[in-house]
Amino acid sequence: MLIMPMSPSVKKVAACLGAVSLILFSKLHAQVLSDVRFSELPGDRFEVRMQFDALPAEPTGYTIEQPARIVLDFSGVENQLSERKFPLSFENAKSAVVLSSADRTRLILNLSQLASYSTRVDGDVFVVEVGSKQGESYLAASSSTVDKLATELNEHQSSITGIDFRRGLDGEGKIIVDLSDPSVDINVEQKGGSIDIEFIGAQLPAALRRNLDVADFATPVSIVRADYDGRKTTLSVDAVGQYDYLAYQADNTYVISVKPLTEAEAEEKKARFSFVGEKLSLNFQSIEVRSVLQLIADFTELNLVASDTVSGSITLRLDNVPWDQALDLVLKTKGLDKRQIGNVLMVAPAAEIAERERQEIETKRQLQELAPLVTEYIRVRYASAAELFKLFDDEGGEGGGGEGGDTSASIVSGVSYKHLKLPTKRIE
17 MLIMPMSPSV
27 KKVAACLGAV
37 SLILFSKLHA
47 QVLSDVRFSE
57 LPGDRFEVRM
67 QFDALPAEPT
77 GYTIEQPARI
87 VLDFSGVENQ
97 LSERKFPLSF
107 ENAKSAVVLS
117 SADRTRLILN
127 LSQLASYSTR
137 VDGDVFVVEV
147 GSKQGESYLA
157 ASSSTVDKLA
167 TELNEHQSSI
177 TGIDFRRGLD
187 GEGKIIVDLS
197 DPSVDINVEQ
207 KGGSIDIEFI
217 GAQLPAALRR
227 NLDVADFATP
237 VSIVRADYDG
247 RKTTLSVDAV
257 GQYDYLAYQA
267 DNTYVISVKP
277 LTEAEAEEKK
287 ARFSFVGEKL
297 SLNFQSIEVR
307 SVLQLIADFT
317 ELNLVASDTV
327 SGSITLRLDN
337 VPWDQALDLV
347 LKTKGLDKRQ
357 IGNVLMVAPA
367 AEIAERERQE
377 IETKRQLQEL
387 APLVTEYIRV
397 RYASAAELFK
407 LFDDEGGEGG
417 GGEGGDTSAS
427 IVSGVSYKHL
437 KLPTKRIE
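Numbering of the sequence shown is given in this note's numbering, commencing with residue 17 and proceeding in unit increments.
To be clear, the hints were calculated from the coordinates, so they are not data collected in a lab. Glycine included, each C-beta is placed from N, C-alpha and C at the ideal position. Just so you know, not all the hints are guaranteed correct.
Computed spacing ranges between beta-carbons, pair by pair [as the list claims (entries may be wrong)]:
#1 VAL141 x ASN203: 49 to 59 Å
#2 SER128 x GLN356: 21 to 31 Å
#3 GLY293 x SER199: 30 to 40 Å
#4 ASN203 x GLY358: 53 to 63 Å
#5 GLU317 x LEU386: 38 to 48 Å
#6 LEU318 x GLY351: 17 to 27 Å
#7 ALA367 x VAL396: 49 to 59 Å
#8 GLY293 x GLU368: 47 to 57 Å
Starting from the given sequences, assemble the full structure and let the hints guide the process.
What follows is the structure, encoded as structure tokens:
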């Protein structure tokens with residue numbers, strides 16, 4: 017028998033044919049997930065029945081405590097389901113998701129709280145029972161792995177390690193937050209009677225997710241709420257009465273100090289922030305100024321009179337600000353000014369309003385200067401000339417020059433009339 021050696025090109029063709037044959041063989045013999053069903057069981061349990069064309073290999077799985085999930089990966093299984101997400105209405109189940117990739121199919125069970133589970137095979141059906149007692153041993157065995165993963169995760173992410181409350185010497189309430197990383201991003205915002213502090217990217221341990229009732233400390237702070245949404249930790253500080261707050265950080269300690277205000281301090285604070293209008297939100301890109309003014313007028317139910325010289329566009333984003341502050345910001349940005357008479361709001365360029373008011377003052381002054389002089393002759397009877405001259409002296413130290421002299425005032429029944437001229441005849 018003669019065996020001829022193969023050329024390199026023939027070897028490449030043979031290798032390609034072998035690879036294609038292997039892929040086709042794996043495709044033909046891959047398990048297929050054709051159906052999935054969910055049913056409720058007694059004792060707050062439920063089960064998932066997954067129908068395959070052939071029994072798959074034992075899946076690999078893991079659990080997540082926050083958010084509560086059970087994840088099972090079926091290697092070498094093709095998903096032929098028409099749906100991906102299945103809403104569940106069981107006691108401890110929210111939804112189920114079936115995802116597939118090139119070489120595996122994943123089942124994700126979203127729970128209200130983490131529960132134990134067990135698996136079994138019923139013919140070509142793979143059954144997952146959630147809430148079964150048989151799965152407690154599995155959770156106990158995997159708890160160390162979960163704790164290890166959580167520890168490794170916490171080592172690489174910021175977290176809050178402690179929340180404390182103290183009363184200061186001046187009656188202020190101090191919320192003291194201990195941070196694992198001093199470089200965490202922090203946002204502070206006051207909303208009505210609450211102060212919200214957001215620690216972006218900082219985790220909050222389950223033991224610290226609670227409400228602190230601190231009303232007995234006799235400070236403006238009544239309740240401190242701590243919560244974590246998976247992305248950030250939020251502290252909500254509820255305060256009552258007149259107060260002011262100060263937030264500062266020193267190394268790994270962040271402090272929010274809420275101080276009570278006296279009546280004088282409250283009035284001073286109110287004077288510093290004189291905007292008291294109802295709050296609104298505006299978010300516009302390149303909108304005409306006249307349109308913004310019309311929106312504010314409609315919001316406040318004021319009548320608007322805008323000058324013809326009011327023009328131009330503005331881009332603004334205002335969130336939950338008093339309307340009078342929003343109006344003031346728009347006017348200052350565009351060099352405008354306002355005058356309000358009753359429920360009528362007049363808006364014009366600041367220079368135009370100043371010129372108009374100057375002209376009004378000049379007109380009033382000219383009217384006073386051009387007003388006609390009035391001469392009135394008053395005959396005085398039964399009056400003491402000495403007393404009259406004393407009154408004239410009180411008006412300016414003049415008028416004592418003798419009888420019949422002109423003067424700038426006349427007295428009748430004790431009332432002084434300036435800019436009047438007495439008659440030049442003898443006083444009887």
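Hint check results:
1. VAL141 x ASN203: 49 to 59 Å: 51 Å, holds
2. SER128 x GLN356: 21 to 31 Å: 56 Å, violated
3. GLY293 x SER199: 30 to 40 Å: 39 Å, holds
4. ASN203 x GLY358: 53 to 63 Å: 41 Å, violated
5. GLU317 x LEU386: 38 to 48 Å: Given a distance of about 42 Å, which is inside 38 to 48 Å, the answer is holds.
6. LEU318 x GLY351: 17 to 27 Å: 21 Å, holds
7. ALA367 x VAL396: 49 to 59 Å: 55 Å, holds
8. GLY293 x GLU368: 47 to 57 Å: Violated, since GLY293 and GLU368 (Cβ atoms, about 25 Å apart) do not stay within the stated range.
Violated hints, listed in ascending order, are 2, 4 and 8; each of the other numbered hints is respected by the structure.
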